[in-house]
Amino acid sequence: MTIEQDWPRVSQQKAGARASWLRLDQTRVLVIALAIILGILVAPPAIILLLRSLSITNPDATVGGWTLTHYLRFFTNPDLYRTLVNSLTFALFSTVVALLFGGTLAWLVERTNTRFKALAYLTTVISMGTPYILYVSAWLFLLGRSGPFNDAWRTMTGTRQVLFNPYSLTGMILIEGFLWSPLVFLLLSSTFRSANADLEEAARMSGAGVLRTVWSVSIRMATPAIAALALFVFIRAIEAFEVPALVGMPGNVDVLTTDVYRSIKESIPPDLGYASAYSVVLLVAVAILLHFYGKLSRNAGRYSTVTGKGYRPRQFDLGKWRPVGDALVIFNFLIVLVLPLLALLWLSLLPYMRPMRPSGVAQFSLANFATVLSSEYYRTLAINTLIVGVVAASVGMILALFTGWLSARRKAGAQFVDQLATMPLVFPGIVMGVAFLMIFLSVPLPIYGTIWALAIAYTVRYLPYGLRYTYAGVLQISNELEEAAGASGATPLQSLRRVIAPLLSPALLSGWLFIFLIATKELAVAVLLSGPSSPVVAVGMYDLWVNGQGGELAAFGLIWAAVMTLVASVFYLAGGRAGGAGAH
Amino acid sequence: MNRREVTFGLGALAASGLFPWTRAHAAGPDLVAAAEAEGKVTWYTTMIVDQSVRPLAAAFMKRYPKIAVEFTRAGSGDTALKIINEGQAGRMMGDVFDGTATFSSVMPAGFVEPYKPDSAAAYPDKFKAADGSWHALNFYYLTAAYNTDLVSADEAPKTFNDLLDPKWKNQLVWSVVPEPVAAPGFLGNMLMAKGEEQGMAYLDKLAAQKVTNMNSSQRTVLDRVIVGDFPMGLMVFNHHVAISKAKGAPIEWLHMEPLVSSASLLGLIKGAPHPNAGKLFIDWLLSDEGQRVLASTNYLPSRPGVDAAIPTLLPTGPKPFETTFMSPTIVADNLKTWIGLLDKKFM
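Residue numbers (the numbering used here), protein chains in the order written: chain A, 2 to 585; chain B, 2 to 348.
Looking at chain B on its own, in the form it has when it is part of the complex (with noise of 0.2 Å):
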């Protein structure tokens, strides 16, 4: 037996809890010492600073402290347009990358290289690419959210034809950035739900109620529906949602369904500069020890047998919900359409 097969047999064992012990990441030591070698890794993330990225490359530098994680925060749109700058520019930076949409841009640029972390292995085949191109890293689902100071529990709509109502005329915000699970998203989940024709008619109702475009961060949004500033934000993470209300913020999402659900595809950049500390990165990421700290942040982890912290945000929890997949695919296919459908009819 190989180093790999241990590996692979320990990991498996992790995965199906029986050695709790075992949960400690444990890569090859070839893979640790060229990525000591390097001594840090650029990340290119997504997710929120101080809600996860932080947690997890403290996390990930207390296992590996030979290794610093360096990383900027933004939008899949950003991203993508970074990696792909920089490599037309030979001025390669990051090494690592995730994101709902990053992928299906970076993907065709020819900039992102295929790797198959051992601790990938326990993951079912929907959740990565064959070729290992890329991983689910965390899956997310979004909805409305209102302000309960504002807003109380009856008057809160419960259906997407609720929003209609002349009430909502310019009280309503979402984040315009060129993603599945921003505005472009909800028009693609409207689409698909109500066909094209009942979705196309109503856009044009949604149109008229003047949603407020933002720029900026799904976050932002949801804070500006936090603060007051407007009584209902579209479009948020609902674990979002459920991290503010932990700290005491008047806010609470709404079962408006199907809701999008889409995930944060994580993958290895070619011409990374510190490829080896890239992959010892992105195998953390998916082990078990990775996806507990993910998990312990409230966001919501894709290993199997990694529970989320709080199983309501789920669509198979407690309070189930009916949600609407932004595969990979169907954001490859369609994304662009829907950006120029909210240009043509909400900018």
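Isolated chain A (complex conformation) (with noise of 0.2 Å):
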């Protein structure tokens, strides 16, 4: 059904109830039009998973017959114990060290009188421009058996032996836990800011010391919205591909996402049907994840205490404990932030990779510098990235609108769409990778191996996230306004486009850059799908960590972190004006 067929039908109405023909009509347009797209986006990358992981796939890469021998060959596969054991305690530990050291910094940054607060959200946000691989190349070359914490155990002790190797399940832990803390920090911040100081008020001056008001009052009122938190840090991280793949893969830590990465790429022809049998298992455990995520989110709000009164909560004097706070504070910046940056800068201005002593200093240039400046592989990746990233970042804003309007509006059938557009959270990354790797080999479209699979890829992997934004938009948004314009003759789409979309503005702007810093720097998709002609910046700097190339990766890496953390600034900036619609 199409809106011209119905037009003359309509027409021939009597004006009020022309108004609300084609409301309705409209809007089951609408609701048609959003469930046919993201059908043919959302529905393809499951299907196709499910139908190889059951398929016969043949010496010559075609299939054919049905089997089940891909699911008994993963679940007799003797590895997987020690894999799946692996991919937990990464998941658990570094979860527990992202909330700990994020939301400790996040109570004391908005709820005390600790200083150097700045620094903090400066650590924040050019974290967030930050590629992971950035971060995580950096932080193995300064835990690494020659970085200077190392260096320093060798020189103190005389002997050869290190103190701490950074390619372990530690390791990987460690480095998780820092990637994350940033993101936790900026969530359970707003956690903290809209929390009651009342009751702390009233825990203290009942006799309660520091520790026990913390303990009993503010870890208490904040305990589901941390719950919350940590249940999607834990999926996150059993998603993860970034950290086991530079960190586990070379200290021989194998986890599950690796493993289906192995399983791809080390194996001729590829295993995809052992691939999609591992992938299938995964989805479903991230969907059970996902479905306990749901319940306590749905509770995370349930001590907030935010009224009228109290708006700007009373911070907490820490008394003798405000040095320890400070120290915190500076910790956080010392090693999420500055020292990252110096051992990326001091990679990049030397011509070979030399541990961090006064003695390299002789050797500096900007060599480095003027080889990525003048290169056009790095202008090309720097185009297609961004290219990338617009593209993925504003398609799924639009599906998002649409979706996240009929959602809250709780409209005919915009629950399926709402079902339909939440699925590709199930999906890690590299599971993705997969799914859309085997799609696009098999349509007849020239789609592989250019950026538009790319573009594709992630804005079906992101638009749960611009849902997020947009959902919680919308609910902010009186329906009144809409009714108003009803009233005054508007159809639904156009108080969609002049009353909702310019109210939503600060939201769908949050949401698009939010789209487009994730998608610009995530690797676990484009590491199977971008090809030679549509080389991207997480997949380059990918190549040349692993081939070697780390003087060139850290000043390209310093340069595109610069630019990025300007688009994070005004994401930043953005959200603070969204009034907090934040999405995970």
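Since the hints were derived computationally from the structure, they do not count as laboratory data.
One should not assume that every hint holds.
Said to hold, decoys possible - Pairs of lysine to any residue residues, derived as SDA-like cross-links and limited to a Cα-Cα distance of at most 25 Å, are as follows:
1) B:346 x A:296
2) B:168 x A:166
3) A:296 x A:227
Can you join these two chains into the complex? Each is in its own frame, and there are hints to help.
Next comes the structure, spelled out in structure tokens:
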């Protein structure tokens, strides 16, 4: 059914009835159109994974017949247990590190009289613009056998042994934990900001000490939010690819995601059936976790006590503990921002990798920067990545706007559309990459190996995130405005365009920037989809790291991170105005 | 005399060094025109980008400004995978490949297009396949290298047996990518040099030294030694050591004999999207001009008459050394076995 077909009939109605007919019709058409578009984008990855996981893959890579062998092989793989334990340990402990570190910091900065708060925000904004690979390689260098810490240890003890080997499960946990702590900080700081200070004040006045107050009041109040966030970080860590690939694979610590990657990239022909079965199992696992996350996050606001009074909560006086708080803020600033940046700067200025010692200064040169700035390759990387980011963010937010509006206004059929748009959330990046790889290889369109393959995959992958922004944003806009517009003769689409969209623009901008920032730095999807004619920054950086061009990687990474930090600053400022329509 | 013969003749003359002014590459005008019409060539390479890929691509584009060189760098295994996967999916993206173990996978899968470039006439038979399915692009010699800040020349091991000294436990690193020029080739070298039984016994002892496995290129292994993460690395390219040494890095390679030698085999991909540009590029890479550019990057050229920039890197140079040559046949017959052995003993 299309608008055109119904037009003549509609025009024959009386004026009042026409409005209601049009409204019903436009909304219905919108729902159907969205369902079709989202269906085409979202359903094939799941379908192709399921089909391939149950199909026999012939040696010549054709598919024929049904089988359960891929699942049998998966469940009888003797290494599965170890991989699973690795994955769970990695995810659990990196969540603990990220929450302890980022959470403490958020509480200190939002609720106490700790000093140097600006440093915490600066760290967070810059970290949002920095590709994960860049961070991981910087920390690997810092924590490495010849990094400043081990170097100092060896100088002190005179041995050749190391204090700490980063290519281990412990190293992975620490690095992943640090990687997520800025996001935890960002999300928990809004929770702490809106908490009621009166209860803490009351506890202090009743004689409770600082620690007791924090434990029994501050943390208790934030528990639902923290629990939801913890599960969220846990899921992301299960899905993580960067740290397992850069830290785990060289250290022979395999997790689920690197196993999927290996079965595609390290076997001839790629074991797509096995990878698909693996992916389906991962999908189911993540879906179960997300189900619990949904339950938790619905309760996240249970103890939030935002009222008209005390809108700016009083700051908690740390008393004699204040220097400890200061130290933690500075520690975060050093470990998450200054040291990695210094390490990158050090690497970028040297002709080959050397330990951080004064003797290296004599060899400083700008050669790596000159190469990066004059090279066609790096220009292509940057341009491709920007195109992919802009397209994915724009298309994603347009779809999210319609879906979010339909869903928030509980229109007929909106629930189905909403579920379709949320479905990509269960896809770990690497699984999304596997699915789209198979799709683009089998459709008769010239998409495989182009940047459009990446743009499509990223649009689908981050659609649920965009939806969070628009859904929350529309909820904050009173329905009365639309009713008023409708009463004045506006069709639903007109009021969406002229009333809702303008009011929603801060949330739309935040969502757009969020997708843009994350799509331009994530490796997991791109590593399987980017080809020789479609190199993007994350994959380019991974190649540089694996192929041993750390100097150029650092130089290019610093320039790229500087540009992205500008974008992230806009995101942060826009986010402040969007009134915390924050999405995970 | 037709054009082919003229070019052949000039090529032979140039190769013999009689007419140094004829060194500029001269391919047939038909091929050049067809290649220029295609406008670009995609090169799936295993060479290190900043060291040799970029200079080679730049020199080719200077000679043929209408043809852009796109490249992707990966190890032999990954490169072969990419070609086979793309070929089987009917989505071939690459035109030209190289690598020490790429050919041995891509050929049986049926994705090699034989091609005999004019410039290859000067090559002896052992440096090229009779049907033109591969040509040797350059030579590699692999050995152990040590960080001179951490290990003195006296202290450095001299023989493979010296590696078994307890002081090297946990101190050695190598790349375990599936290539004859990485850990699998080390295993093959020991089995061939010491014989099956003694070789196995040696490998068991070496496994007890807990060599650190890296999944990345030999270049990154060398970098980890240079930066001091490990005092010594196994199976690194001796010309990489020379390149870093020239920049002042504290690194030296060892004449631990026999070294592993191997050739990077250059080939045209069947079903390539730019077959003519691919042919022209291969022709140029093997030409006197292309090989001189390669030699200028301190890589070791395969073309007779083109000298290595650093002769000591060659087994026939001023400081000769013994090698085990990983010929294409040996690689095709044994690589899988060595990889399996590596998995069993060292992973």
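The hints, checked one at a time:
| no. | hint | result |
| --- | --- | --- |
| 1 | B:346 x A:296 | violated (48 Å) |
| 2 | B:168 x A:166 | holds (18 Å) |
| 3 | A:296 x A:227 | holds (13 Å) |
The structure is inconsistent with hint 1 alone, although it conforms to all the rest.
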